[in-house]
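Those protein sequences? They're chains C and S, same order as listed. Just so you know, the first sequence maps onto residues 1 to 407 in our numbering. Just so you know, the second sequence maps onto residues 1 to 143 in our numbering.
It is possible that some hints are incorrect.
[Unchecked claim] For lysine-lysine, the following DSBU-like pairs were computed, each having C-alpha atoms within a straight-line distance of at most 30 Å:
#1 Lys92/S x Lys140/S
#2 Lys45/S x Lys71/S
#3 Lys45/S x Lys405/C
#4 Lys103/C x Lys49/C
#5 Lys131/S x Lys67/S
#6 Lys131/S x Lys405/C
#7 Lys67/S x Lys92/S
#8 Lys239/C x Lys263/C
#9 Lys142/C x Lys108/C
#10 Lys131/S x Lys407/C
#11 Lys103/C x Lys263/C
#12 Lys56/S x Lys45/S
#13 Lys400/C x Lys140/S
#14 Lys405/C x Lys67/S
#15 Lys67/S x Lys45/S
#16 Lys71/S x Lys320/C
#17 Lys164/C x Lys112/C
#18 Lys71/S x Lys92/S
Hints in this document: simulated from the structure, not taken from any laboratory.
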Amino acid sequence: MSIQVNAIRSLFPILHQEVNGHPLIYFDNAATTQKPVAVLDAIQNYYEKDNSNIHRGAHTLADRATRQYEETRESVRTLLNAREAAEVIFTKGTTESINLVAKTFGSKFIQKGDEILISTLEHHSNIVPWQMLCEQNGAILKVIPITDSGELILEEFEKLLSNKTKLVSIVHASNALGTINPVKTIIAAAHAVGAKVLLDGAQSASHLEVDVQELDCDFLAFSAHKLYGPTGLGVLYGKRALLEEMPPFLGGGEMIREVTFEKTTYNTIPFKFEAGTPSIAEVIAFKPALDFIFTTGKKQILAHENDLLDYATGILRDVKGLIPVGTAPEKVAVFSFNIQSMHPYDVGQLLDAKGIAVRTGHHCTQPLMRRLGLEGTVRASFAVYNTRAEVDVFVQAVSKIASLKNK
Amino acid sequence: MSTIADIQNEIVSEFEILGEDRESTIFYIMELGGSLEPYPEDFRKDEYIIQGCQSKVWLVAEEQGGKVIYKADSNTDITKGLISLLIRVLNKRSPNEILEANLDFIPRIGMGNILGSQRSNGLAAMMNQMKRYALAFQTKQNA
Numbered sequence: 001m002s003i004q005v006n007a008i009r010s011l012f013p014i015l016h017q018e019v020n021g022h023p024l025i026y027f028d029n030a031a032t033t034q035k036p037v038a039v040l041d042a043i044q045n046y047y048e049k050d051n052s053n054i055h056r057g058a059h060t061l062a063d064r065a066t067r068q069y070e071e072t073r074e075s076v077r078t079l080l081n082a083r084e085a086a087e088v089i090f091t092k093g094t095t096e097s098i099n100l101v102a103k104t105f106g107s108k109f110i111q112k113g114d115e116i117l118i119s120t121l122e123h124h125s126n127i128v129p130w131q132m133l134c135e136q137n138g139a140i141l142k143v144i145p146i147t148d149s150g151e152l153i154l155e156e157f158e159k160l161l162s163n164k165t166k167l168v169s170i171v172h173a174s175n176a177l178g179t180i181n182p183v184k185t186i187i188a189a190a191h192a193v194g195a196k197v198l199l200d201g202a203q204s205a206s207h208l209e210v211d212v213q214e215l216d217c218d219f220l221a222f223s224a225h226k227l228y229g230p231t232g233l234g235v236l237y238g239k240r241a242l243l244e245e246m247p248p249f250l251g252g253g254e255m256i257r258e259v260t261f262e263k264t265t266y267n268t269i270p271f272k273f274e275a276g277t278p279s280i281a282e283v284i285a286f287k288p289a290l291d292f293i294f295t296t297g298k299k300q301i302l303a304h305e306n307d308l309l310d311y312a313t314g315i316l317r318d319v320k321g322l323i324p325v326g327t328a329p330e331k332v333a334v335f336s337f338n339i340q341s342m343h344p345y346d347v348g349q350l351l352d353a354k355g356i357a358v359r360t361g362h363h364c365t366q367p368l369m370r371r372l373g374l375e376g377t378v379r380a381s382f383a384v385y386n387t388r389a390e391v392d393v394f395v396q397a398v399s400k401i402a403s404l405k406n407k
Numbered sequence: 001m002s003t004i005a006d007i008q009n010e011i012v013s014e015f016e017i018l019g020e021d022r023e024s025t026i027f028y029i030m031e032l033g034g035s036l037e038p039y040p041e042d043f044r045k046d047e048y049i050i051q052g053c054q055s056k057v058w059l060v061a062e063e064q065g066g067k068v069i070y071k072a073d074s075n076t077d078i079t080k081g082l083i084s085l086l087i088r089v090l091n092k093r094s095p096n097e098i099l100e101a102n103l104d105f106i107p108r109i110g111m112g113n114i115l116g117s118q119r120s121n122g123l124a125a126m127m128n129q130m131k132r133y134a135l136a137f138q139t140k141q142n143a
């Protein structure tokens, strides 16, 4: 069954507005998605009726908040098909999730001379934490190269892999180009040399079926706000055995079992990694976002987004002066491009004048841009509520801009 | 010779003719960039790049007969247009005039609204750098 896009659009109040005198066309979904009204209601409802601190208070409100908070954890477990909800840790976002692994798994299991593999496609949040770790403990960071079309060179990956490799930390789908990496192959190869694998799922969790048991990844990080949920909330999935062996991340309340001035014993997972009062409202309001995804259906969402991507790619290819960036055959719904003789910022500003929101610049992937010899790109990224009619308006606007310098 | 205030008034009325349409305003700004004099390649170095701009902006100034001559360039057309406006207002003025200038044409043409906060900050950085050059020349003159 295909998606009823008008019915879906009616659930997103923000879409129904004019920007600079034109109906808003929101094509910056890889940066953050908009929120359905159920998410907004849940935030309002929580503060109006249930606000209280979780896991401790012996009163009704605390009980209600705790129950809802843990219900979201169970929903995330369902989303990822994790074995158990305790393997789902709430963080501030993908960035914090990766930093958590670098600080805890990294400090315990990665030593001087050990190697960490990442790829040229990584977002800065999957580069910098590893550089910081390497600086601290003398481990070595190695980078899997890519082709000009933006795909990993698997033969090179295999050459880099050795028994020195302790961790492969790799993006599932590239935020800048959309490339979907063959992560199942990568995970199997990494496990064969005894390395663990962290998947940066920031762009995949919302678009693809991510089954952590089937993939057999050791860690997966993503952010709620790219899955129609609130900002300031992320998830780290980790296999129980690993999470139990890892030292805590932050120290404080919630993460302890018993504190004396002589010694503190730590709580069990997931609480060991959730020190302090978490983003309770955001966690609770993430559940209706996940329900929206479950009700709409991941397969249907993906089919709709792929249709938009194929449709846009098909027409834009023929625009004179337009240069697509990232042409891997397997992509999430990201169309990155440049216009001959124009800076991406200028293109973005002209699209904004038409009410079209896109991302311009290096997309927090400066090493990738350097590899491609670019300063940046213009990136249009689609979500479930976008339409072919919006793509038509976008194509028209892009064609007009391209014609300025490409007669 | 018209004053800094006169030129600012001129610019404001030019933009008024364009009206509310944001796209034509941006096209106009981009066109203005084309009128910038070529930037001297010897000064296309990192030390001449203005910090605080998202796009790259090179700016250099020299003093000729008590007046400040600015040369600037950018890698984006919109920014080039903005620079050309600043140069039109401040070029070939004495350091005193530049330092005392009240550059109000930018808010008056609603530029902050058109450009968004990132580019407006860049514009402010450009203006400050131009005034810094003027201050340096003034100090030299008074020495």
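Right, here's what the structure says about each hint:
no., hint, result
1, Lys92/S x Lys140/S, "holds, 17 Å"
2, Lys45/S x Lys71/S, "holds, 13 Å"
3, Lys45/S x Lys405/C, "holds, 27 Å"
4, Lys103/C x Lys49/C, "violated, 37 Å"
5, Lys131/S x Lys67/S, "holds, 13 Å"
6, Lys131/S x Lys405/C, "violated, 34 Å"
7, Lys67/S x Lys92/S, "holds, 5 Å"
8, Lys239/C x Lys263/C, "holds, 27 Å"
9, Lys142/C x Lys108/C, "holds, 20 Å"
10, Lys131/S x Lys407/C, "violated, 39 Å"
11, Lys103/C x Lys263/C, "holds, 21 Å"
12, Lys56/S x Lys45/S, "holds, 11 Å"
13, Lys400/C x Lys140/S, "violated, 50 Å"
14, Lys405/C x Lys67/S, "violated, 36 Å"
15, Lys67/S x Lys45/S, "holds, 24 Å"
16, Lys71/S x Lys320/C, "violated, 33 Å"
17, Lys164/C x Lys112/C, "holds, 10 Å"
18, Lys71/S x Lys92/S, "holds, 11 Å"
Hint compliance for this structure: hints 4, 6, 10, 13, 14 and 16 are broken, all remaining hints hold.
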